[in-house]
Amino acid sequence: MGCLRASGGSATSAANPPFCKRCPVLQTPLRSIPLLAAASLLALCGVATAKAPRRPAPVPVVAVPPISAETLKEVTRTLSSDAYEGRAPGTPGEDKTVATIIDRFKAAGLKPGNKGRWTQDVPTVIVEAKNHVPLTVKAEGQVLSFAFGADYVAGSYRITPRTDLADAPLVFVGFGVNAPEQGWNDYAGVDMKGKIAVILVNDPDYEQADENGPFKGRRMTYYGRWRYKFEEAARQGAAGALIVHDTFPAAYGWQVVQSSWSGKQKYVQSATNGMDQTLANGWIQKSTAEAILKASGQDLAALTAAAKVKGFKPVPLNATASLGFDNGIERAMSHNVIGVQPGKARPNEYVLYTAHWDHLGRCKANAKGDDICNGAIDNATGVAALVALAQANRKAGPPARSQVFLAVTLEESGLLGSEFYASNPVYPLARTVGGVNMDALGMGSAARDIAVTGGDKSELTRYLQTATRAMGLTITGETHPERGYYYRSDHFSFAKRGVPMFDVGRGSDWVNGGRAAGEAASERYSNVDYHQPSDEFHEDWDWSGPLQDVTLFYRLGRSLAETSDWPNWHKTDEFRLIRDRSRAGVK
6 MGCLRASGGS ATSAANPPFC KRCPVLQTPL RSIPLLAAAS LLALCGVATA
56 KAPRRPAPVP VVAVPPISAE TLKEVTRTLS SDAYEGRAPG TPGEDKTVAT
106 IIDRFKAAGL KPGNKGRWTQ DVPTVIVEAK NHVPLTVKAE GQVLSFAFGA
156 DYVAGSYRIT PRTDLADAPL VFVGFGVNAP EQGWNDYAGV DMKGKIAVIL
206 VNDPDYEQAD ENGPFKGRRM TYYGRWRYKF EEAARQGAAG ALIVHDTFPA
256 AYGWQVVQSS WSGKQKYVQS ATNGMDQTLA NGWIQKSTAE AILKASGQDL
306 AALTAAAKVK GFKPVPLNAT ASLGFDNGIE RAMSHNVIGV QPGKARPNEY
356 VLYTAHWDHL GRCKANAKGD DICNGAIDNA TGVAALVALA QANRKAGPPA
406 RSQVFLAVTL EESGLLGSEF YASNPVYPLA RTVGGVNMDA LGMGSAARDI
456 AVTGGDKSEL TRYLQTATRA MGLTITGETH PERGYYYRSD HFSFAKRGVP
506 MFDVGRGSDW VNGGRAAGEA ASERYSNVDY HQPSDEFHED WDWSGPLQDV
556 TLFYRLGRSL AETSDWPNWH KTDEFRLIRD RSRAGVK
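Under our numbering, the first residue of the sequence shown is numbered 6, with each subsequent residue one higher.
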């Protein structure tokens, strides 16, 4: 389970938790176990000119065959042994890991999932921005200079040896949001070609204590994430994008941004080599933004207040900016592993189970001299769950829809394996109904509750309610909705392409020991073992919690595989229009 780097999604150290997904143990604020799903068009009634509300099909109540605790133990023990050297992509550890997963998939009765192959090649590009010149701003006869690292950071998604922006006009675009479902467009009426967008972090209503605002108030939406803001600036034709850092709405300090933008950044290789992105993107300190706006005759506080109101129009600044840096470029190859259980009634509709197989490889040695980050919990347990679920589904026999078992690479480098699959799906995303992502199954007791990350975003809530009722569990919310954890795990690679995804995880109210025990275990993992050599297999682990997790995952996935329903995002969700467009015309 990895941390997202601020430019392009490479891994950062465990010392930078705000960019990390929830640190994985069993309670939801720190781990992420998602369910993803899809949607259908409204059902047509008998009168050709009228539409009736779609009536969702009942959620099937599924019987759960025995889940093998021994399989969970064996696969976790094997993949986290020193022989696999921490499962770093591009090393002999990858070769062993991929071979083991294929062997386990075969033994569980799966078929090769990629046109007769077990693997999908994942080409990546590694870019290191270096030799930055100062950010120079000219405004109203003044020349301001800002140092890389202390005042600004920048990189490029474009695969080119040199990046330069010279005297590009600056435009303040508020929060940089273009949300058609809300009638909100911070770029309205401006041509961004050749210009640099200056963008505020988070959503326009982030200060609202409840979740009743157009952008869900305190609960961050995708529009509030830095990655969205860079993507939207590129869609608008901007030459560059600079996000104004502010600790409260960002939920992390400048030191996190600073460290995250140093060193090598990994990207999925694209057909365009990133040429459809901005020339440069980055962050500026709040004090840097204040100085630039003041020199331009503007005030950051006043513009921020204006940007929070619907109808805000972008403000061209009387200023230009220049920056530049070199790019070191490397290329690498890794692999996703794909197995499939064909459906018996609708084999061209798909339910997806995913887990990342990669970890950090060799890392900083601990006091005992151990320099292998084995990643037992993160995420040998998730791969073990894939195998156990494949076994259970073989026992139950094929469901109506096909089930795809996807072990993805490069999660620790920024969700790159899932990103590549979602960009190059073997099975069309428009026909992918839903699925379960398994990341870091924490050891310990079963829980009395299941927590939901991201809130009630889609019609998948019915499936979770049915499963938790059958298991006697309650549903609770996440602790820090403002941190946007929903957008920091492999399931998100599918969500941003319109596939509805539901992020759920075992709660902290343990059957054995209550909340005190659950929270203590979570704290220990996140503070002691997360991304450390101590994340190792222990023979005395309590597997009752992971067994509960896998039972829930089976119920969720199997019910989606047996129904004829196509759950959708709620109408005001940021991904609803994307899904509707992708499903239009699909029969």
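Everything labelled a hint here was simulated from the structure, so no lab data went into it. Here the structure is a predicted model, which is why all the values come from computation and not from measurement. Treat the hints with caution; some may be incorrect.
Here are the computed lysine to aspartate or glutamate pairs in the DMTMM-like style, where the Cα-Cα straight-line distance is at most 20 Å [as the list claims (entries may be wrong)]: (1) Lys101 <-> Asp87; (2) Lys101 <-> Glu133; (3) Lys120 <-> Glu133; (4) Lys369 <-> Asp87; (5) Lys576 <-> Glu216; (6) Lys313 <-> Glu212; (7) Lys501 <-> Glu133; (8) Lys135 <-> Glu335; (9) Lys318 <-> Asp304; (10) Lys269 <-> Glu335.
Hint by hint, here is what the structure shows:
1. Lys101 <-> Asp87: 12 Å, holds
2. Lys101 <-> Glu133: 29 Å, violated
3. Lys120 <-> Glu133: 35 Å, violated
4. Lys369 <-> Asp87: Satisfied, since the Cα-Cα distance of roughly 15 Å is no more than 20 Å.
5. Lys576 <-> Glu216: 16 Å, holds
6. Lys313 <-> Glu212: Within the cut-off at roughly 10 Å; holds.
7. Lys501 <-> Glu133: 26 Å, violated
8. Lys135 <-> Glu335: Status holds; Cα separation ~14 Å.
9. Lys318 <-> Asp304: 15 Å, holds
10. Lys269 <-> Glu335: 10 Å, holds
The structure is inconsistent with the numbered hints 2, 3, 7, although it conforms to all the rest.
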